[in-house]
Amino acid sequence: MSFYDYYSVYKEIDVYKFFNGLTDYDIQRIIGKNKINEYDFLALLSPRADNFMEQIAQKAHKLSLQHFGKTIQLFTPMYVANHCVNRCAYCSFNAENKITRKAMTMEEVDQEARAIAATGLKHILFLTGESRTKSSVAYICEVAQVLKKYFDSISIEIYPLTVEEYEQVAAAGVDGFCMYQEVYDEEVYDRVHLAGPKKDYRFRLEAPDRACQAKMRSASIGALLGLHDWRSEAFATGIHAYYLRNTYSDVEIAIGVPRIRPHVGVFDEVEFVSDKNLVQILLAYRLLLPNSGITVTTRESREFRDNLIPLGVTKMSAGVTTEVGGHTSSNSSDSQFEIADSRSVSEMKQAIINHGYQPVFKNWMAI
Amino acid sequence: MDKLIIGGIELRSRLFVGTGKFSNDNVIPAVIETSQAQVITMALRRVDIGSNQENVMDYIPKDCILLPNTSGARNAEEAVRIARLAKAMGCGNWVKIEVISDNKYLLPDNQETVKATEILAKEGFVVLPYISPDLMTAKRLADAGAAAVMPLGSPIGTNRGLRTKELVQIIIDEIDLPVVVDAGIGKPSEAAEAMEMGAQAVLVNTAIATSEDPVNMAQAFALAVKAGRIAKIAKLGPESRYAQASSPLTGFLNRGVQ
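Protein sequences appear in the order of chains W and C. Final position of the first sequence in our numbering is 380; the numbers increase by one with none missing. Final position of the second sequence in our numbering is 261; the numbers increase by one with none missing.
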């Protein structure tokens with residue numbers, strides 16, 4: 014059974030009807046529990062739980078401290094190519110958008126990697142658009158081989174692959190997988206993915222299964238918040254992470270909480286997700302999965318990110334650019350989206366220290 | 004004399020401390036000082052030797068015994084590779100085998116741990132395997148050449164104390180190797196309890212690192228470990244389900260007999 018089948022049971026749940034049946038007592042009981050189940054998790058995403066944010070935050074803080082201590086791991090994304098055959102309504106890399114396209118040569122990858130490594134970072138996430146010609150699996154493997162010289166851990170955020178292809182990139186040095194489903198609601202998914210192979214909802218939904226089967230060390234998932242009702246999308250994401258953790262127990266599962274940002278494109282039906290909503294989501298994830306990673310990227314502002322530190326975030330990006338070649342800046346492409354926190358690695362490091370936390374640069378290495 | 008010898012070295016402290024989860028590594032020297040610990044464990048996955056970034060190793064005094072652990076290893080093969088890497092990086096030949104293939108409960112994989120121990124002990128490592136408390140596993144580890152066994156008191160990081168007490172006691176009673184209770188000890192009183200039970204040492208990380216005042220907490224653990232050890236040697240009085248007066252009422256009956 015893959016997640017597609019597993020999820021079919023949960024997607025039938027009438028989330029708002031479930032919320033209507035909840036009492037304050039239910040929420041308090043859940044906060045007091047040692048281990049919560051899927052339905053407790055859903056209750057934590059309810060409007061009823063809004064009134065208990067502080068209590069839930071205290072619990073989330075305690076759990077995070079217990080499992081991660083006062084540490085925040087740092088990484089940076091590196092865009093290596095932005096050619097894309099998909100037409101996603103919310104993304105600047107949309108095939109129809111007239112932007113500067115670029116796929117780095119290995120020499121450029123080397124230069125960019127060197128520049129990033131000089132900031133002290135040891136974990137890198139590299140990204141491409143979906144183009145099996147401009148950024149083929151062989152190209153991905155080549156990039157990984159170059160990055161291996163500079164980094165202890167390499168993750169990919171690319172188009173979905175088959176198990177065999179994930180095994181190939183793992184053999185080339187990739188140990189982390191990251192893919193956002195964007196939106197779990199199948200209808201909305203179909204609506205915002207206008208054309209291209211990404212229209213295949215199921216192939217993307219089951220990509221984390223395949224990456225875990227290929228023995229990736231870590232798998233990071235998430236929904237792009239703002240594309241659909243956040244309570245049901247966060248529920249689906251949590252269920253997905255819960256399923257992966259229970260099914261592939263030797264893989265470290267992490268969740269991202271990206272909120273949609275200004276971008277070049279046509280999507281204008283954003284379902285607003287407030288700061289408070291985002292915090293509620295993050296806390297619910299922490300209570301459901303006390304020892305799973307939670308990533309907050311520079312899509313969020315510096316003040317907001319800093320405030321999230323004690324609430325359960327375990328990974329943050331720093332020194333970010335969403336342009337291909339942006340770290341060396343000569344001749345880079347257009348960006349994927351606008352970032353909200355432009356702090357450098359050393360500024361981010363200092364901010365984490367100022368909050369009484371330890372910035373962690375290295376948390377794995379090729380062995 | 005009450006000596007603890009592991010890997011041919013006579014240790015002056017029965018409290019081992021971990022270096023993870025601190026808000027700032029610069030508190031580690033003071034923690035080591037107040038804890039009086041001599042054996043210091045660190046996750047090799049976090050160590051970044053040869054970089055210009057500061058490093059947990061910079062904060063561990065040179066006279067300490069490094070106990071690199073194989074955190075992150077999912078099977079014996081990975082644990083073995085991490086151990087060899089640690090040695091090559093100059094961390095000495097002690098290693099704490101930690102193999103976790105279950106990220107839900109973070110419980111050690113005893114079977115893979117035995118395999119890794121067999122390989123590394125043959126290569127001359129001083130191997131301290133971290134296990135779920137299971138007598139048969141402990142026996143196999145002894146046969147495989149482990150220098151000690153490290154059963155957990157509770158799942159790692161939980162600070163829930165000696166939930167596995169009965170099983171740890173059996174290992175202490177039956178195994179000739181030093182038993183070091185590792186993981187789950189949340190309070191100094193629980194460290195003392197482990198020592199009273201006959202554990203040869205305890206390893207504490209989370210309880211110290213995540214306390215509001217790690218330096219004082221380290222000292223509290225040092226004192227508790229000493230107290231527990233002294234109590235063990237002094238032999239605890241017998242336990243009884245009923246109260247027994249310190250000055251018995253029938254004492255006069257014995258006094259009459261000359």
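Hints are supplied without guarantee of correctness; some may be wrong.
Unchecked claim - For lysine-lysine, the following BS3-like pairs were computed, each having C-alpha atoms within a straight-line distance of at most 25 Å:
#, chain 1, residue 1, chain 2, residue 2
1, C, 190, W, 161
2, W, 147, W, 161
3, C, 190, W, 46
Said to hold, decoys possible - Which residues of chain W face chain C? A partial, calculated answer using Cβ under 8 Å:
#, residue
4, 176
5, 258
6, 371
The set of hints was computed from the structure by calculation and includes no laboratory data. Even glycine gets a Cβ: it sits at the ideal position worked out from N, Cα and C.
Results of checking the hints against the structure:
1. C:190 with W:161: violated (42 Å)
2. W:147 with W:161: holds (21 Å)
3. C:190 with W:46: Given pair residue 190 (chain C), residue 46 (chain W) holds - Cα atoms ~22 Å apart, limit 25 Å.
4. 176: violated (18 Å)
5. 258: Holds, about 6 Å.
6. 371: Because about 6 Å separates residue 371 (chain W) from the closest Cβ in chain C, which is inside the 8 Å limit, the hint holds.
Hints 1 and 4, counting from the list given before, are not met by this structure.
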